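Peer 1: Sequence:
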Amino acid sequence: MKLNNYKGTNEKKDKNQDKIIKNKNESKETTVFNKSYMVMILALISCFLWGSAFPSVKVGYEIFSIAGNDTYQKITFAGFRFLISAIMIFIFCMVTGRTLKIKKEDLSKVAFLGIVQTSIQYVFFYIGLSNTTGTKGSILAATTTFFSVIIAHFFYKEDKLSFRRIVGVVLGFIGVAIVNMNGGKIQGGFTFTGEGFVVISSLVGALAGIYTKKISKDISTFAISSYQLFIGSIFLIVSGFMGGARGLNFTPKGAVLLLYLGFISAAAFSIWTVLLKYNGVGKVTIYKFSIPLFGVFLSYVFLGERSLGTNVIIAVILVILGIILINTEPKANSNMKS
Numbered sequence: 000m001k002l003n004n005y006k007g008t009n010e011k012k013d014k015n016q017d018k019i020i021k022n023k024n025e026s027k028e029t030t031v032f033n034k035s036y037m038v039m040i041l042a043l044i045s046c047f048l049w050g051s052a053f054p055s056v057k058v059g060y061e062i063f064s065i066a067g068n069d070t071y072q073k074i075t076f077a078g079f080r081f082l083i084s085a086i087m088i089f090i091f092c093m094v095t096g097r098t099l100k101i102k103k104e105d106l107s108k109v110a111f112l113g114i115v116q117t118s119i120q121y122v123f124f125y126i127g128l129s130n131t132t133g134t135k136g137s138i139l140a141a142t143t144t145f146f147s148v149i150i151a152h153f154f155y156k157e158d159k160l161s162f163r164r165i166v167g168v169v170l171g172f173i174g175v176a177i178v179n180m181n182g183g184k185i186q187g188g189f190t191f192t193g194e195g196f197v198v199i200s201s202l203v204g205a206l207a208g209i210y211t212k213k214i215s216k217d218i219s220t221f222a223i224s225s226y227q228l229f230i231g232s233i234f235l236i237v238s239g240f241m242g243g244a245r246g247l248n249f250t251p252k253g254a255v256l257l258l259y260l261g262f263i264s265a266a267a268f269s270i271w272t273v274l275l276k277y278n279g280v281g282k283v284t285i286y287k288f289s290i291p292l293f294g295v296f297l298s299y300v301f302l303g304e305r306s307l308g309t310n311v312i313i314a315v316i317l318v319i320l321g322i323i324l325i326n327t328e329p330k331a332n333s334n335m336k337s
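Going by our numbering, the residue at position 207 of the sequence shown is 206; the numbering climbs one at a time, nothing skipped.
Everything labelled a hint here was simulated from the structure, so no lab data went into it. As the structure is a prediction and not an experimental result, all values here were calculated from the model. A portion of the hints provided could be inaccurate.
[Unchecked claim] Each computed BS3-like pair below joins lysine-lysine, with the alpha-carbon atoms no more than 25 Å apart:
hint	residue 1	residue 2
1	Lys-216	Lys-102
2	Lys-276	Lys-213
3	Lys-252	Lys-57
4	Lys-159	Lys-34
5	Lys-213	Lys-103
6	Lys-34	Lys-102
7	Lys-216	Lys-156
8	Lys-276	Lys-103
9	Lys-276	Lys-102
10	Lys-100	Lys-213
11	Lys-100	Lys-276
12	Lys-216	Lys-108
13	Lys-213	Lys-34
14	Lys-159	Lys-213
15	Lys-34	Lys-276
16	Lys-216	Lys-276
17	Lys-216	Lys-100
18	Lys-135	Lys-57
19	Lys-100	Lys-156
Using the sequences provided together with the hints, build the complete structure.
Peer 2: Written out as structure tokens, the structure is:
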């Protein structure tokens, strides 16, 4: 009896020591991604890549002859883009020796994320965008950050709402609105299948971000990114074809563009998942306000769209102020409330 108790005590000690060692290793691994300068660099790289998708997708529509109102063809196009992204991450992990193995019970979590974040979010976005103006769509899409900050307040202590945080988000949103106001006017009106769908897309994206942070505690970030992109892309492609989309006519030019768009999502989603894993949602998500700024700038450089006036300068200043306000806020404990 004593011998059994002794063995049991030793087993408990060994388990506790393993946990301590694991926690130490995790803390060493996370220090780099917790540093403000690293968060800023990686977040801006992701946002720059996502921003470059704006002119790239427009060029893609021209190359593949996709009409502006052909919603289901756009959904199919997005599906192929994300499928390529998933394949790229698979290849990267194979070459670098990174494992993509996940537990059976975690597969449903990643599948759910793929359906929500990659499929449902983009279906609502593309349908909504086809029923509203590009300006209103861009501004309403920025509400993702609003939703993320508010929802995170109820899940993470480090993401508690504060006056400073609210002001930071409002400044960033105003910046996005200003950069999208060409001529100083935004048309009124609201339709559920237009503006309503874009807002729903933003809400779904925010919820997906919170869920990504939650499951990233136990699942490899590369596994999350690759599997959710793969599963989501299949749903998008199937949805597109069910809606009447046709296959894409691939050309060398079109193939190169799709490869770049695939790289954008593969790199940006992987980096973003890592940042969400090791940092507060608000601290990371605030950088998303820079996506339309990069989009406007790159569209001007490569497509010659619009001129970079004072509205862009004001928008940049407001977004920077918003980022500073949130990222210079006193740190709180990062434990979950529940």
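Peer 1: Which of the listed hints are broken here?
Peer 2: 6, 19
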